[in-house]
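A.B. asks: Sequence:
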Amino acid sequence: MSMERRYRLRRTMALAGLLVVLFLLVKLVGAAFGDDTPAASAKTSPTAAGASPSASSSGSATASASASASAGTQSAKAVSVPASGDGKLSVLTVPGSDSSRTGKKVTFSVEAEGGLGVDLAQFASTVRQVLGDERGWEAKDSLHFELVDKAKIDAGTVPDVRITLASPKLTDELCAPLRTNGEVSCNRHGRAVINAKRWGQGVEYYKDLSQYRIYIINHEVGHSLWHPHETCPAKGQPAPIMLQQTLGLQGCTAWPWPTKA
58 MSMERRYRLR
68 RTMALAGLLV
78 VLFLLVKLVG
88 AAFGDDTPAA
98 SAKTSPTAAG
108 ASPSASSSGS
118 ATASASASAS
128 AGTQSAKAVS
138 VPASGDGKLS
148 VLTVPGSDSS
158 RTGKKVTFSV
168 EAEGGLGVDL
178 AQFASTVRQV
188 LGDERGWEAK
198 DSLHFELVDK
208 AKIDAGTVPD
218 VRITLASPKL
228 TDELCAPLRT
238 NGEVSCNRHG
248 RAVINAKRWG
258 QGVEYYKDLS
268 QYRIYIINHE
278 VGHSLWHPHE
288 TCPAKGQPAP
298 IMLQQTLGLQ
308 GCTAWPWPTK
318 A
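Residue numbers (the working numbering): 58 to 318.
Mixed in with the good hints, there may be bad ones.
[Said to hold, decoys possible] Label pairs and their calculated CB-CB ranges:
| # | residue 1 | residue 2 | range |
| --- | --- | --- | --- |
| 1 | THR316 | PRO139 | 29 to 37 angstroms |
| 2 | THR316 | GLY153 | 42 to 50 angstroms |
| 3 | GLN307 | ASP206 | 38 to 46 angstroms |
[Claimed, not checked] Below, a list of computed lysine-lysine pairs in the DSBU-like style, where the Cα atoms sit at most 30 angstroms apart:
| # | residue 1 | residue 2 |
| --- | --- | --- |
| 4 | LYS197 | LYS292 |
| 5 | LYS226 | LYS161 |
| 6 | LYS207 | LYS197 |
| 7 | LYS145 | LYS197 |
| 8 | LYS197 | LYS161 |
Derived by calculation from the structure, the hints in this document are not laboratory data.
These numbers come from a predicted model, not from an experiment.
For each residue, glycine too, the CB sits at the ideal point set by N, CA and C.
Required output: the full structure, derived from the provided sequences and hints.
C.D. replies: Written out as structure tokens, the structure is:
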């Protein structure tokens, strides 16, 4: 074999090896940051599955020592969500103010697709409360979340984290190539995509829909903060926030906050 042929062979093998590494890297990133699975089918609770289209999704915001504090003293009621909305995202007005905590600044915005049939004001309010809660990422990672409102976004400001409520159809589009199958949520390029079906109906592993909503916000925002998926450390222990609790608890108990129970 001539020198030239050996050189070409080595170059071809090197390129093939590089392609394999790149493929594995893409799969690894997808597994770490996307709540996708080829057979993703989050199971809803009996209450959620039997909810009528007119069910309310409101909840009064108060504080307590329970896991559902800051998301309402009463469990949110399940609401049916259409498979697709109008396909248009709008930046939502977020009530309240940023916390007084110090730490690394992380900017965020809240947006939602139209035509979902859910209370968008309540969604925005819940996001604010969850991000500012003492059990949340601000305390866990020494952060300070700062809201970027519509005026700033219209002026060209790009937030670090975009928290988006989307229909199952739009979720699939925003999450691609991750496979959400119209069922689960994901994080793509800093955007925490909350599947409105899960927001409206929850999953069987959470008996309290308000707590599940806290979890899904914290989990997807956690990916924006570069936290990968985790597993259950021991049977009966509170589930880590980065465990894919939408798909199962692996023997842990449901827990919606980044900090320990």
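A.B. asks: Which earlier hints turn out false for this structure, listed by number in ascending order?
C.D. replies: Checked against the structure, the hints that fail are numbers 2, 5 and 7, while the rest are satisfied.
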